[in-house]
Amino acid sequence: MITFFNTLTRKKEIFQPIEDKIVKIYTCGPTVYDFAHIGNFRAYIFEDILHRFLEYEGFTVKRVMNITDIDDKTIIGALKENISLNQFTEKYIEAFFEDIKKLRIKTDNIIFSRATENIPEMVNLIKTLLEKGHAYKKENSIYFRISSFPEYGRLSHFDFSKIKTGTSVDADEYEKESARDFVLWKGEKDDFSWDTEIGKGRPGWHIECSAMGMKYLGETFDMHTGGVDNIFPHHENEIAQCEMATGKPFVKYWLHCQHLMVNGEKMSKSKGNFYTLRDLLKKGYDPVAIRYLLMSTHYRDPLNFTEKSLQQAKNTVDRWNDFYRRIKFLNIDERKNEQISQQCIKTENIFRESLGDDLNISMALAGIFELMHSTNNSITENNINRENLEEISKIIEKVDYVLQVLKPFEDSIDAEILTLIEKREQARKEKDFSQADKIRSILQEKGIILEDTPLGPRWKQKK
RNA sequence: GGCCAGGUAGCCAAGAGGUAAGGCAGCGGUCUGCAAAAUCGCUAUUCACCGGUUCAAAUCCGGUCCUGGCCUCCA
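Read left to right, the first sequence gives residues 1 to 463 (the working numbering).
Because the hints were derived from the structure by calculation, they are not lab data. Since this is a predicted model, take the numbers as computed values, not measurements. Think of the CB as a built atom: it goes at the ideal place given N, C-alpha and C, for glycine as much as any other residue. Some hints could be false.
[As the list claims (entries may be wrong)] The following label-pair restraints were derived from C-beta to C-beta distances:
| id | residue 1 | residue 2 | range |
| --- | --- | --- | --- |
| 1 | GLN16 | LYS446 | 51 to 57 Å |
| 2 | ARG278 | LYS328 | 31 to 37 Å |
| 3 | GLU416 | PHE112 | 42 to 48 Å |
| 4 | ASP333 | GLN461 | 24 to 30 Å |
Turn these sequences into a full structure, and let the hints steer you where they fit.
Structure below.
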């Protein structure tokens, strides 16, 4: 059984996709006007875990992520640099893909959909809304008429009769019938316009996700995700647009992840308290550790980012990899340990049940640590055989499809370093420990860490 | 003001009526020529606070305090 917390009902619900074994997910993606910060990536990592877990559970996942390449910020950026919108957004799109690759966020089986490539779909949706009387034209812009959707506020659980309207009113929105009405189509006011059946202009923000979601996933689909800051107004507006246009429910499950905090405050561009992935990599942090840190707190809890936690995450990831390396290269074949075999089965069950419980990752990880613990114990007690080790590495590899913390083994090494390792072994045999230690520290400076095992020295790259 | 999330050891973090998982760091022991890795042991009578319900509460109820978010672009 899989359950997810649905923002719509504020409850954990049993997950039942509309079509058996197929899950259709729309995930809100980046606006490509700058490098994404790690708060943004927290959301993408959460979605990545969700996606990978559903695949792990045997679902076929059909997923769309939008790339918002037309909005005020991208336009301002392009104007500032005096280049075309495409030229401007292209470099941030590229950067985005570089970054998510480093964070091991999957890109296969995902449709990355650019707003600028889906203008006709948006125009069609707006046309439908106009025809049905849920939208109206004022000046050259088109607005959604909220009064025609009585359920407005269902997702955010706002009672609009009790809420004051926002104070800031956009200059091009003064003609709205009601202050809450939101723009579907912004009438032409600069060069960034499309000439369409509904007039010259460009799409509003909310319409793009609706149009692209329905284009690829249908009028009703399983899941829609994003950060909690998208609940209102973005996702609320999407529901309004889609359900008024199609007369059908838009999305079954809404999942939202909490913010990444810095010094107790939301990490955001406007506050200036953000780290980009690039900032952290420049400081020498390991992208896998960053992934681990961002995924190891439950997605619905706020996570306070500190470099100290990042260091902790790095140590944990190192331990994980040390363990994996250990069992892969261990040359031991004593008697089979039935308890370990049992525990392997148990570990996988815990992993599945925990992630199936609204992605309880702490619990899932704890299960793996228990297995590591017992395995190490069994190794010390010589109570383990090759078959056990294979069972264990199989589990570790399997869960790693979801977690993505294992690193490839270093398979090549300089001949020069190899010679140094041999020289040190020779020195140790001759009990010339000062020479041996000297070589060891030289190697360390070169980023090679030595471990002396009963079976001879083992080396690893310093991480 | 309305709505929402959260407050559990030095740090991170599970648990949601049955007597505090796990990780990191630290300390002590084993192993080692010394390290590293591994391992063993120790590290919250207590879960923001105050009442209440119960045989039993970190978990339920009432109240209080604190932090953050949304209500305007935002993952």
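Verification of the hints:
1. GLN16 - LYS446: 51 to 57 Å: holds (56 Å)
2. ARG278 - LYS328: 31 to 37 Å: This hint holds: roughly 32 Å between Cβ atoms.
3. GLU416 - PHE112: 42 to 48 Å: Holds, at about 44 Å.
4. ASP333 - GLN461: 24 to 30 Å: holds (28 Å)
Checked against the numbered hints given earlier, this structure breaks none of them.
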